[in-house]
Amino acid sequence: MKSSFALVTGIHWGAVVVYVIATIMVVVGQFFDKPQMVRRGYTVSIPGLILHGAGLAIWWRMVGHGPYIDRFEVLSSNAWILLLAFLLFTIPFPRLKAVGIVVLPATFILVALGLFFSPEMKTLPPTFRSVWLVLHIIFYKIAFSAIIIAFAFSIFYLLVRRDRLKKLANVLPDLSGIDMYAYRFAGLGFTFWAIGMLAGSIWAYQSWGTFWNWDPVQTWSLVTWAVFGIYLHLRRFFFWQGERASWLFVVCFILTIVSLFLTPLFETSIHAEYFK
Amino acid sequence: MKPSIFLTARSTVIALFIAISTALLVASSIPQRSTLGGKTPAWVEKLPPSLQHGTELLGLDYIVGSSWFAILITLFWISLLISTVSQYLAIKALASRIPPAAIPQESTRVDCTLSVFAPIVGAAGYREVRNSNNVHRFVKNRIGFWGNFLLHIGLVVVVFFSLVYVLTQHRVLFRLTGQEITRLSKDSVQELRGILPQQKGLPYCVVLKNLEPRFWKNDKLAELSSELYFTDKAGGDPQRVDIAVSDKSHFGPYIVYQANTYGRVFDLEFVSAQGESHRERFYLPYPPSRDKAAYGEMPLAVNGLLLKGKFFADKDRLSMKLNDSPLTLRLFQGKDFLGEITLTSGSTGQLGSLSVRLAQTEWWTDILLDGTRGTSGIFAGFALILTGVLSTYCLIPREIIARESDGGMYVQHVARRFAQFYREEFDDIVRKVNDTKRDER
Chain A
9 MKSSFALVTG
19 IHWGAVVVYV
29 IATIMVVVGQ
39 FFDKPQMVRR
49 GYTVSIPGLI
59 LHGAGLAIWW
69 RMVGHGPYID
79 RFEVLSSNAW
89 ILLLAFLLFT
99 IPFPRLKAVG
109 IVVLPATFIL
119 VALGLFFSPE
129 MKTLPPTFRS
139 VWLVLHIIFY
149 KIAFSAIIIA
159 FAFSIFYLLV
169 RRDRLKKLAN
179 VLPDLSGIDM
189 YAYRFAGLGF
199 TFWAIGMLAG
209 SIWAYQSWGT
219 FWNWDPVQTW
229 SLVTWAVFGI
239 YLHLRRFFFW
249 QGERASWLFV
259 VCFILTIVSL
269 FLTPLFETSI
279 HAEYFK
Chain B
131 MKPSIFLTAR
141 STVIALFIAI
151 STALLVASSI
161 PQRSTLGGKT
171 PAWVEKLPPS
181 LQHGTELLGL
191 DYIVGSSWFA
201 ILITLFWISL
211 LISTVSQYLA
221 IKALASRIPP
231 AAIPQESTRV
241 DCTLSVFAPI
251 VGAAGYREVR
261 NSNNVHRFVK
271 NRIGFWGNFL
281 LHIGLVVVVF
291 FSLVYVLTQH
301 RVLFRLTGQE
311 ITRLSKDSVQ
321 ELRGILPQQK
331 GLPYCVVLKN
341 LEPRFWKNDK
351 LAELSSELYF
361 TDKAGGDPQR
371 VDIAVSDKSH
381 FGPYIVYQAN
391 TYGRVFDLEF
401 VSAQGESHRE
411 RFYLPYPPSR
421 DKAAYGEMPL
431 AVNGLLLKGK
441 FFADKDRLSM
451 KLNDSPLTLR
461 LFQGKDFLGE
471 ITLTSGSTGQ
481 LGSLSVRLAQ
491 TEWWTDILLD
501 GTRGTSGIFA
511 GFALILTGVL
521 STYCLIPREI
531 IARESDGGMY
541 VQHVARRFAQ
551 FYREEFDDIV
561 RKVNDTKRDE
571 R
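Quick note, the sequences are listed as chains A and B, same order.
Read left to right, the first sequence gives residues 9 to 284 (our numbering).
Read left to right, the second sequence gives residues 131 to 571 (our numbering).
Calculated directly from the structure, the hints in this document are not laboratory data.
Glycine is no exception: its CB is placed at the ideal position from the N, C-alpha and C atoms.
There may be inaccurate statements among the hints.
In silico negatives: residues of chain B with every beta carbon more than 12 Å from chain A [stated by the list, open to error]: (1) A145; (2) R267; (3) T307; (4) R460.
Pairwise CB distance ranges, derived in the manner of DEER restraints [claimed, not checked]: (5) S226/B / F40/A: 50 to 60 Å; (6) F246/A / G255/B: 28 to 38 Å; (7) V266/A / D421/B: 57 to 67 Å; (8) W220/A / S245/B: 54 to 64 Å; (9) V266/A / V432/B: 48 to 58 Å; (10) V432/B / V259/A: 56 to 66 Å; (11) P55/A / T391/B: 41 to 51 Å; (12) T142/B / K175/A: 52 to 62 Å; (13) F548/B / V259/A: 47 to 57 Å; (14) M70/A / E554/B: 41 to 51 Å; (15) W173/B / F246/A: 38 to 48 Å; (16) P133/B / G250/A: 36 to 46 Å; (17) Y552/B / V266/A: 44 to 54 Å; (18) P179/B / I265/A: 50 to 60 Å.
Calculated pairs, DMTMM-like style, for lysine to aspartate or glutamate (alpha carbon to alpha carbon, straight line, at most 20 Å) [stated by the list, open to error]: (19) K339/B / D367/B; (20) K347/B / E128/A; (21) K440/B / D454/B; (22) K562/B / D367/B; (23) K350/B / E128/A; (24) K169/B / D496/B.
Go ahead and model the full structure; you've got the sequences and the hints to work with.
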């Protein structure tokens, strides 16, 4: 068992190293206008993603369940889905590549943070045995990825508007384009968050015979989703955009972090050992 | 005013929305029967009888299950239904409209024929949907037109099935003790009923034949399953129903759920110094780990005595498997400690001034029967809403209107949302058309 632990942590550290190299190449390439280096940086990130995926698969087999519970596995899988979703999104939206300077560091920071939390093999309570749980978690992870991308664009907007990030001008869309990307990815995050809540609700109904019970994690998730809804509503019907929309999204992002990673620590909940 | 106009008027919708929100807010701030397993809330019991009657008549102790709340939801549903029909007609007209022949200013001139233009826009995902008088309408993501309709129909489905849920709600929670026939009646269960009177009766009785907890190596619960025997009516044949946590089953109109609460029940026989005897049933949860005891306490019916008890899963504390573990009892009067005794099944001892015998021990667990209808409909409605949101958001319909004129074409790009976002797509098409023309030369 110890050797398997060492293997998984070793693979994860290996992935972190590859991600760091990819990050350096992408950041340097973008800031010094070297598109070839940026392209190579993204190419380097792919073996990192494969290595990282292999580490997660071995861990899954070792613990006998998906990455739902332990901090290490939750953060590591979030990072993996973030990078995978980002790379897939860049195929139809090449302009998205500029966000790599946020997504790539976020990826290796999440993995490293997970490793610092010391991986633990946790067992699943009997209520955590449902296909709806798997869907619930996958959709939240996709939502988290979309929210990070939207957050990156919101921050870009605030910086570019203040005449920062001039070196990224070539790779970023214009100000209104940045704003629109933030809007669209926020909407995607909102939708996947909603699907995640719905899947969770079906899971709860199948496991406990009730689809909602105002558990702290559920409540905060609902509050976060509602604030995202307000953000989108203000943008669509009250024509909020630019600076104030970006600041509102920063608030949404903070709520996301609280909802996904902090509320499980406050109180006991139906989510049992999640992120404890 | 026509009822349909009244029901879809903005003021009516806002008034209904406010009324429903206020009712839900009140329901979540005042204790309700729904949150107390069907029991009357303490605040209602404290009221004088006439007010109690009025409260129950108005359904204030169970707002979401009251008739007036059901009427509000029904009105809201009818309003949604009418607006969904309007939405359908509007979208149908929009999706199949023929643009006017007049060339708008924002059109771009391309010098090619339709036979050159159509394959290029086709390759970009645009399909011709209508044409008339040399005006051709190419649309990409046509399904996106229907996003709003799907969203509306999803809302209609959710509200309808929420109404079904409220009307048919029937949840029954009860505790079973192993090997014992439990007659299910209003007195032995916690029951929550909706407002429809014609609901199925409770099963006649149920027996918990076997309860089997399984544990991980770290002593955490891995699985909890029960073997139950339900009898539908007096003299009927028992029917076996196997359930486990996260593995529900069915009996008649009910879904049967295994709760994850379980433990051991201890039947105690007390004899006082005066020779009066009485029996008590002491429920204790199962120990959390092999080296930790399960604790519980229970007031006794005599002289304000308090009984505290504990037991381990395994008497040697080596396993989570039940292994002949004795029950340790302590007796208190207020804060005064009166005595302690450790008993095994069938043994007798002295606890303070009381003689106590542990008659038998068995498993106990909680079971939930849910006969409510409409939950699947609510989930299906939400799925429709999300499909609508996704198609509105991710499949934004874009149109290219091509007007043939003077041997060339005037093309116009229309995106219902994020027009600027798709401008590059249109520019790319125009560039390809121009490149094709250049190649032909």
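Comparing the hints with the structure gives:
1. A145: Answer for A145/B: holds, closest chain A Cβ roughly 20 Å.
2. R267: For R267/B, whose nearest Cβ neighbour in chain A is about 24 Å away, the distance exceeds 12 Å, so it holds.
3. T307: holds (21 Å)
4. R460: The assertion about R460/B holds, with a minimum of 27 Å to chain A.
5. S226/B / F40/A: 50 to 60 Å: holds (53 Å)
6. F246/A / G255/B: 28 to 38 Å: At roughly 32 Å between Cβ atoms, G255/B and F246/A fall inside 28 to 38 Å, so the hint holds.
7. V266/A / D421/B: 57 to 67 Å: Taking Cβ atoms as reference, V266/A and D421/B lie about 36 Å apart, which means the hint is violated.
8. W220/A / S245/B: 54 to 64 Å: holds (58 Å)
9. V266/A / V432/B: 48 to 58 Å: holds (51 Å)
10. V432/B / V259/A: 56 to 66 Å: holds (60 Å)
11. P55/A / T391/B: 41 to 51 Å: holds (49 Å)
12. T142/B / K175/A: 52 to 62 Å: holds (56 Å)
13. F548/B / V259/A: 47 to 57 Å: Since F548/B and V259/A have Cβ atoms about 23 Å apart, the given range 47 to 57 Å is violated.
14. M70/A / E554/B: 41 to 51 Å: holds (47 Å)
15. W173/B / F246/A: 38 to 48 Å: holds (41 Å)
16. P133/B / G250/A: 36 to 46 Å: Roughly 44 Å apart at Cβ, these two residues keep to the hinted range, so it holds.
17. Y552/B / V266/A: 44 to 54 Å: Violated, at about 35 Å.
18. P179/B / I265/A: 50 to 60 Å: The hinted range 50 to 60 Å holds for P179/B and I265/A, with Cβ atoms some 53 Å apart.
19. K339/B / D367/B: holds (15 Å)
20. K347/B / E128/A: Roughly 14 Å between the alpha carbons, so the hint for K347/B and E128/A holds.
21. K440/B / D454/B: holds (14 Å)
22. K562/B / D367/B: violated (77 Å)
23. K350/B / E128/A: holds (15 Å)
24. K169/B / D496/B: holds (17 Å)
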